[in-house]
Amino acid sequence: MLRYSVSNMEIEIDVNNKIYILGQDSSEGKTYLYQLLRSLQQRPEYKNDLLLITYNSNIGTDVIVKLIQEFSGKLIMMDRVDLYWCSELRDCLEEHISCPILLDLKSNDYIMRLSATPVIFEWSGNKMEVKKYANDV
Amino acid sequence: MLNIYTSLTDVMKDDRFIKDVDAFFGSNVLHDDAFTRMVLIRIEKCTEYKDNVFIDRSGIGMYSSFLSTGTKILLSISYYPEYIFNGIEMGYNAAQLLSYVSNGSIYIDNRDFVLEEESSTKRVVCVDGVECSIEEANDILGG
Numbered sequence: 001m002l003r004y005s006v007s008n009m010e011i012e013i014d015v016n017n018k019i020y021i022l023g024q025d026s027s028e029g030k031t032y033l034y035q036l037l038r039s040l041q042q043r044p045e046y047k048n049d050l051l052l053i054t055y056n057s058n059i060g061t062d063v064i065v066k067l068i069q070e071f072s073g074k075l076i077m078m079d080r081v082d083l084y085w086c087s088e089l090r091d092c093l094e095e096h097i098s099c100p101i102l103l104d105l106k107s108n109d110y111i112m113r114l115s116a117t118p119v120i121f122e123w124s125g126n127k128m129e130v131k132k133y134a135n136d137v
Numbered sequence: 138m139l140n141i142y143t144s145l146t147d148v149m150k151d152d153r154f155i156k157d158v159d160a161f162f163g164s165n166v167l168h169d170d171a172f173t174r175m176v177l178i179r180i181e182k183c184t185e186y187k188d189n190v191f192i193d194r195s196g197i198g199m200y201s202s203f204l205s206t207g208t209k210i211l212l213s214i215s216y217y218p219e220y221i222f223n224g225i226e227m228g229y230n231a232a233q234l235l236s237y238v239s240n241g242s243i244y245i246d247n248r249d250f251v252l253e254e255e256s257s258t259k260r261v262v263c264v265d266g267v268e269c270s271i272e273e274a275n276d277i278l279g280g
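So the sequences go chain by chain: W and B.
Using my numbering, the first residue of the first sequence is number 1, and each one after it goes up by one.
Using my numbering, the first residue of the second sequence is number 138, and each one after it goes up by one.
Treat the hints as calculated values from the structure; they're not laboratory data.
Model, not experiment: these values are computed from the prediction.
C-beta: ideal position from N, C-alpha, C; glycine also.
Where hints are given, some of them may not hold.
Stated by the list, open to error - The list that follows gives simulated cross-link-like pairs (lysine-lysine, DSSO-like), each with its CA atoms no further than 30 Å apart:
#1 Lys182/B <-> Lys132/W
#2 Lys18/W <-> Lys131/W
#3 Lys47/W <-> Lys127/W
#4 Lys127/W <-> Lys182/B
#5 Lys182/B <-> Lys259/B
#6 Lys74/W <-> Lys127/W
#7 Lys131/W <-> Lys74/W
#8 Lys187/B <-> Lys127/W
#9 Lys132/W <-> Lys18/W
#10 Lys150/B <-> Lys182/B
#11 Lys187/B <-> Lys156/B
#12 Lys74/W <-> Lys132/W
#13 Lys74/W <-> Lys18/W
#14 Lys66/W <-> Lys259/B
#15 Lys182/B <-> Lys131/W
Said to hold, decoys possible - Okay, the calculated bits of chain W under chain B, using three or more residues with CB under 8 Å as the criterion:
#16 21-28
#17 38-50
#18 76-90
All chains should be modelled from the sequences, with the hints used to inform the complete structure.
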């Protein structure tokens, strides 16, 4: 279980070392979670724990793949994955499951080509939780 | 009329295609119209907005650049009907509101959403160049 506290928010991430797809509705708070983790990453003690990637038209998928391959921290979160999607990224993610990987990926076509599990994403008040389903062992 | 395109290969060749809607939208001014109000209430649970600031569900004032991508896509289609917007990042709850766009264009792939139909009006949309009712569009799109 990963527990973080940032900007008056408590974040709990209780998942396995697998690829997870976050909820598929808009405005659930996925990008907000991403931004909270990004501000957490500014602290020296978390600098190497988190790999946070969001779509940027100036950065190619080859750079993203290299970042993932070289990462040895505790959590990967990718926001706006649909815009980065390609077979190289899929292969890279599936080969690098040494920590939980949270993806904001909406396209069913892409999800079907990936061995990924949906995850429960909840937030209420100042607590945000990312939880696996009971049958997810 | 709303134009829906389902072939990424075709829209990628079109100069009017906007791939990164988030970057395109920036901190766009939010229009004072019924569509904007409906989208902000339904998706963002927002009850107040002015210019490029909205009050989010927690009661905090935020710039429009902090709206969800689904909301930005819906508003961009409505505000800039001359472009074709990439709808691949839309959540289900945003995609079902596409039927309320009176004029604009979007690329979206097949997924499990159902376009909402207003009970008072029978809207017509255009899917890959073919005019159809919302019901027919849902059949084509697989919803």
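Status of the hints after comparison with the structure:
For the given pair, lysine 182/B sits about 26 Å from lysine 132/W by alpha-carbon distance, which is consistent with the 30 Å threshold. For the suggested pair lysine 18/W and lysine 131/W, the alpha carbons sit about 12 Å apart, so the restraint of at most 30 Å is met. Between lysine 47/W and lysine 127/W the CA atoms are separated by roughly 22 Å; this keeps the pair inside 30 Å, and the hint holds. Between the alpha carbons of lysine 127/W and lysine 182/B the distance comes to roughly 19 Å, so the proposed pair stays at or under 30 Å and holds.
With a C-alpha separation of about 27 Å, the suggested pairing of lysine 182/B with lysine 259/B holds against the 30 Å cut-off. With a CA separation close to 20 Å, the supplied pair lysine 74/W and lysine 127/W stays within the 30 Å bound. The suggested pairing of lysine 131/W with lysine 74/W holds, with an alpha-carbon distance near 16 Å, which does not exceed 30 Å. A distance of roughly 29 Å separates the Cα atoms of lysine 187/B and lysine 127/W; the hinted pair therefore holds under the 30 Å criterion.
Using a Cα cut-off of 30 Å, the hinted pair lysine 132/W and lysine 18/W holds, with the two alpha carbons roughly 10 Å apart. Using a Cα cut-off of 30 Å, the hinted pair lysine 150/B and lysine 182/B is violated, with the two alpha carbons roughly 36 Å apart. For the hint pairing lysine 187/B with lysine 156/B, the CA-to-CA distance comes to about 27 Å; that is within 30 Å, so the pair holds. Proposed proximity of lysine 74/W and lysine 132/W is supported: the alpha carbons are some 16 Å apart, at most 30 Å.
With a CA separation close to 12 Å, the supplied pair lysine 74/W and lysine 18/W stays within the 30 Å bound. In summary, the hint linking lysine 66/W to lysine 259/B is not supported, as the alpha carbons are separated by about 51 Å, beyond the 30 Å threshold. For the proposed pair lysine 182/B and lysine 131/W, the alpha carbon gap of about 24 Å is at most 30 Å, so the pair holds. Against chain B, the region 21-28 of chain W contributes 6 residues with a C-beta closer than 8 Å to a partner C-beta. That satisfies the three-residue criterion, and the hint holds.
Evaluation of the coverage hint for the region 38-50 of chain W: breached, as 0 residues show C-beta separations to chain B shorter than 8 Å, against a requirement of three. Residue count for the region 76-90 of chain W with a Cβ under 8 Å from a Cβ of chain B: 3. That meets the three needed, and the coverage hint holds.
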